[in-house]
Amino acid sequence: MAGYMGFGMARWIYTQRPRKAFSKGRSKLSCNTLPTFNRKFKLQPSKRSDHLYIVMSLLLIGLFCFTVYSKSPKIVTHSQQIELEKKAVN
800 MAGYMGFGMA RWIYTQRPRK AFSKGRSKLS CNTLPTFNRK FKLQPSKRSD HLYIVMSLLL
860 IGLFCFTVYS KSPKIVTHSQ QIELEKKAVN
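Residue numbers are given in the numbering used here: position 37 of the sequence shown equals residue 836, and the series is strictly consecutive.
No lab work stands behind these hints, which were simulated from the structure alone. All C-beta atoms in this analysis are idealised placements derived from N, C-alpha and C, irrespective of residue type, glycine included. Heads up, some of the hints might be wrong.
The calculated label-pair distances, taken between Cβ atoms and stated as ranges, are [unchecked claim]:
| # | residue 1 | residue 2 | range |
| --- | --- | --- | --- |
| 1 | K841 | F865 | 25 to 35 Å |
| 2 | L858 | A820 | 57 to 67 Å |
| 3 | I874 | D849 | 35 to 45 Å |
| 4 | I860 | T814 | 35 to 45 Å |
| 5 | M855 | R818 | 45 to 55 Å |
| 6 | Q880 | I860 | 37 to 47 Å |
| 7 | K885 | R847 | 56 to 66 Å |
| 8 | L858 | F821 | 54 to 64 Å |
| 9 | K823 | S856 | 46 to 56 Å |
| 10 | K885 | C864 | 48 to 58 Å |
| 11 | V867 | S845 | 33 to 43 Å |
| 12 | G861 | K885 | 46 to 56 Å |
Subject to a maximum C-alpha distance of 30 Å in a straight line, what follows is the list of computed DSBU-like cross-link-like pairs (lysine-lysine) [stated by the list, open to error]:
| # | residue 1 | residue 2 |
| --- | --- | --- |
| 13 | K823 | K841 |
| 14 | K839 | K819 |
| 15 | K886 | K870 |
| 16 | K870 | K885 |
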């Protein structure tokens, strides 16, 4: 036996034999019986993407930028205060 049969594996999988190097494999028969030249494809309009994700991401980025912009003076003054305290201790 060449392989393990468990987990619902099909018989043709676990009974396969190793093939010779650089050899072509047997072509499997396709279940599609319709010849390719008879197929007809219908042109369809592309699906419109929902712009909700774009709008929500822009709103979140805008909110983040506004928060950073509004909090930056407080952060700068706080870091300057800490630097002054460090210099006073040394």
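Evaluated hints:
Range check, K841 to F865: Cβ separation about 48 Å, and the 25 to 35 Å hint is violated. The hint said 57 to 67 Å for the Cβ distance between L858 and A820, and at roughly 58 Å that hint holds. A hinted range of 35 to 45 Å for the beta carbons of I874 and D849 is consistent with their spacing of about 37 Å. About 57 Å separates the C-beta atoms of I860 and T814, a value inconsistent with the hinted range of 35 to 45 Å.
Separated by about 52 Å at the C-beta atoms, M855 and R818 satisfy the suggested range of 45 to 55 Å. Separation of Q880 from I860 is about 30 Å and departs from the stated range, judged on CB atoms against 37 to 47 Å. K885 and R847 have their C-beta atoms about 58 Å apart, which keeps the hinted 56 to 66 Å range intact. Take L858 and F821: their Cβ atoms lie about 58 Å apart, and the range 54 to 64 Å holds.
For K823 and S856, the Cβ-Cβ distance of about 50 Å falls inside the hinted range of 46 to 56 Å, so the restraint holds. In this structure the hint that K885 and C864 lie 48 to 58 Å apart at CB is violated, the actual value being about 30 Å. At about 37 Å, the beta-carbon gap between V867 and S845 stays in the expected band of 33 to 43 Å. A hinted range of 46 to 56 Å is violated for the C-beta pair G861 and K885, which are about 36 Å apart.
For the given pair, K823 sits about 36 Å from K841 by alpha-carbon distance, which is inconsistent with the 30 Å threshold. At roughly 40 Å between alpha-carbon atoms, K839 and K819 are farther apart than 30 Å, so this suggested pair is violated. Distance restraint check for K886 and K870: the Cα-Cα separation of roughly 25 Å lies within the 30 Å cut-off, and the hinted pair is therefore satisfied. At most 30 Å may separate the alpha-carbon atoms for a hinted pair to count; K870 and K885 meet this at roughly 23 Å.
Hints 1, 4, 6, 10, 12, 13 and 14 from the earlier list are contradicted by this structure; the remaining hints agree with it.
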